[in-house]
Each structure stands twice: as C-alpha cells, then as structure tokens.
Amino acid sequence: MNMLQTALEEIGTKSELEKIINESENVMVCCGRMGPMCIPVYDVMEELQDERENVKFYTMAFDNPEAEIIKNAPECRGFMGLPFTMYYKNGKAVKATSSIQNFDQITGILDEHFN
Amino acid sequence: MDDVFDVMIIGGGAAGLTAGIYSSRAKLSTLILNEGAVGGQMVLTDEIANYPGVETTSGYKVANTMKKQAKDFGCKIKSNVKIVKYAFDENIKEVELKDGRKFQAKTVILAPGGSPKALNIPGESTFLGKGISYCATCDGDFFTDKEIIVAGGGNSALEEAVALTNYASKVTIVHQFDHFQAFEHAIEEAKNNPKINFIMRAELRQFIGNGKLQMITLEHLSSGNVEDLKVDGVFIFIGYKPNTESLKKIVNLNEKNEIITDSEMKTNIPGVFAAGDSIVKKYRQVTTAVADGTIAALSAVEYLRN
Ligand SMILES: Cc1cc2nc3c(=O)[nH]c(=O)nc-3n(C[C@H](O)[C@H](O)[C@H](O)COP(=O)(O)OP(=O)(O)OC[C@H]3O[C@@H](n4cnc5c(N)ncnc54)[C@H](O)[C@@H]3O)c2cc1C
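Order-wise, the sequence lines are chains A and B. Just so you know, the working numbering puts 102 at position 102 of the first sequence, and the rest follows in order with no gaps. Positions in the second sequence are counted from 1; adding 115 to them yields the working numbering.
Mixed in with the good hints, there may be bad ones.
To be verified - Derived BS3-like pairs (lysine-lysine); straight-line CA-CA distance at most 27 Å:
1. B/Lys-327 / A/Lys-89
2. A/Lys-14 / A/Lys-95
3. B/Lys-197 / A/Lys-56
If you're looking for bench data, these hints aren't it; they were derived computationally from the structure.
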C-alpha cells in the first residue's frame, strides 16, 4: 500500500528500486514524507512527468524500512533535510540533493545529467 | 496563445484557489497561474486546527481538496510557472511566462501570498539540507542529541524552538533585538524550557562547514564583537515577506510592499483585484485568505457584468 499520496508511482522495495534503475536510462526518485519540504518537490515532478518522457519519476517513502537503500547511499552522507532526491543514469547515482528544490533547480539537474 | 480568459488568477494558495472556485462556479473561464506548488503556504503547514468546519488536518489535505474543487468547476491550473512580464493597463490584461507563453484575461486577481524570509548570508544555500533548515517538523529528528541554533524572535521561532527540544540536546535562540515579537505565552514557554538558551542583540553573519554545516559566525550588535560558534544545525524562522517584488511598478503597494486594495479587493487598476497574504491587512490566516479570495472573485464577476 502506498504511504505517500501523490500522483507519482511509489517504489515499495529495495529490489523494485534496483530493477527500475537498471532497466531505465534516466530515473529520478524523491524519498520523503508528506511534509512541507517534500510536497513542492513532488509537485514539480508531477508537472515534469508529462513533459520529460526520457525520465522516469518515482517516490519512495522515507519511513519505509526499504528506503535504507537511499538513506544509506554514499551520495546522501551528511544529508539532514527531507526529501533525499536521487538521480540515476544507467543504474548509477549521478546526483543527490537534500531538502526542498524548486522547479529551476530540478530542471537544471535534469538538463545537466539526462539530456 | 490560448483564448482570452474571463479571470486570470496569479497565485494558487488559499486565496487564489478560493477565487478560482468562485469564478469558475460562476461559469467564468478561469486560469490560475502559480509559481510554486499549488496550495502555497498551506502545504508548509503541518497541521491546520483552526479552519472552521474541518477537524484538525494537514495543510496539504486542505490544499488538495481546494485544488480538486476548483478543477471540478472547470478552473484551469498551471503550476511551477514563472511570470516575467505583466501588462495590465489595457482592457485585456496579459502576462508572459519565462518560456515565452502568453496568457490574456479580462480581469486579474493577484494572490501571490508570502514567502519565508531567508537571511541571505554566505553559506545559506550551500548548507540547506546539510545543517540549515526552515522546517522543524520535517527535519527535527536529524538533530537528535545535537546542539542547534534557532534564528528569529517571533511566534514561529519560539514555538519551533520549543518543538525542537524534543530532539536536540541544546537549542540557542539568536535574536537581533533585546525583546521578542511574540505572544507572551510563547515567550514564557521558551524561557521555562531548560534546554533553551538565548543570545539577544546578535545576528548571524555566515555559515561555515565542509560538506555539512559546522560553524556559524555571529555578530554581537551592542559591542560589534564577532565570534565563531560550533553548531550542528541552524533553523531559520525570521518571518514572511509579501511576494510582490515583480509587481512593484504594476500596482500600488504600501511601504511594506503589500498590495493596496479597497474592501471589495479592487486595486488601483480597473479589472485588477488582489487577495490573501500579499494585501495590506493585519491578520494572515487561511480563513482570511479564503474570505479575500471570495470577495475578489465576486467583485470580478460584477466587474465583468458591468
Ligand atoms: C508554517 C505556517 C503555519 C501556518 N499555520 C496556519 C494555521 O494553522 N491556520 C491558519 O489559518 N493559517 C496558518 N498559516 C497562515 C496561512 O497558511 C496563510 O495565511 C495562507 O495560506 C495565505 O494564503 P495565500 O493564498 O494568501 O498565500 P500563499 O499561501 O502564500 O499562496 C500564494 C501562492 O502564489 C504563488 N506565487 C507567488 N508569487 C507568484 C507569482 N509572481 N506568480 C505566480 N504565482 C506566485 C506562490 O508560489 C504560492 O503558491 C500558516 C503559515 C505558515 C507558513
């Protein structure tokens, strides 16, 4: 059952995440809660979902024990602000951000790494 | 370019969404253009306990219901847009977005609300999410048993400082004045909390760290002395400012950059109305934003009829 109420697809398990990032070229995963710093990021992703067909957009609940795979990722070391957002290219993490990001910041990362 | 809308609403917070509900329900073609996430400050609000008729719920849920209501009545909503040009002098008003798209309408309702103020000092954006936060409920648990600073001296700063003592071992409130601008009960509660310390008449000057925040530079305003303090985190609650920067030469604002309206939410420009936290008023709440949005929409309906 989904823990996050967004219009994005929610990843439930570690193996599901691994399968997705290995099978898709460009993946953005926002790992958070239904909180003030996370919702604006989901909103941007929902908006971009229709525009950026070369990117797959997903969420993962921060309180899901399976999200350890993101919380303990080396790219997230030192992160102290929700959400933790990961960008994967061909199965490898190419960028990670902590806390709220706006439309321009997110599209900047997508343009830099996924275009 | 799309057709000419009857009503174009700038801002999709409580005021803008309410205006959208009323004008689209009055069968006016309505467009909401919103810069950030739909819902505005409501989505920043963990819990809303004082919206009449709705039991305590999350701000996100209220915002989402309002958005659905507006859409169900036919209101079009575009979020995460950036308006770069406003032309309101003619009968048909026009805005241009950063991506070059233009939208026109017979009336405009300005509802851009407000945003938390940033300190705008070196290191602030570098350490966002790496020791700097604007949300105690979101990030408090990352600071369990750590020493943190809360910048600010209003109700939010004091209330959030008390909430943060559930996690942090020590909370130091740094405030620029020698007194707080908060309700007496909030001041008392903070003062009575053994985990809270105060540094008055001082301002943060810079954030320092390596990968994550480690230190802050603080200036004591009375003596001019500057010192570096070791910290694990800083939470910033220094108030809100109206989002009217881009409207400065477009509509009349007061000295605090709030939009001046009359009781029918009319601005100085015929056919342009305003509502919510960005207008001149004393109390900024969801209920007052919703009331303003209602009045602005009904005034727009009347304007179009005449
Ligand atoms: C932490 C917190 C807790 C609160 N708790 C409560 C509470 O418990 N009860 C209560 O009643 N009130 C509470 N409030 C106050 C309440 O949330 C606000 O008064 C109300 O939501 C204001 O609504 P608004 O529509 O005027 O503005 P906002 O909510 O600020 O919405 C404005 C919208 O316009 C967008 N925008 C800004 N500029 C532009 C532009 N140029 N073009 C397009 N769009 C633009 C913004 O991105 C935003 O989405 C709280 C506020 C905060 C921050």
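These are the hints, each one checked on the structure:
A threshold of 27 Å between alpha carbons decides the hint, and for B/Lys-327 with A/Lys-89 the separation of about 25 Å falls inside it, so the pair holds. Restraint check: the Cα-Cα separation between A/Lys-14 and A/Lys-95 comes to about 19 Å, which is no more than 27 Å; the hinted pair holds. A C-alpha spacing of about 24 Å is found between B/Lys-197 and A/Lys-56, which places the hinted pair at or below 27 Å, so the restraint holds.
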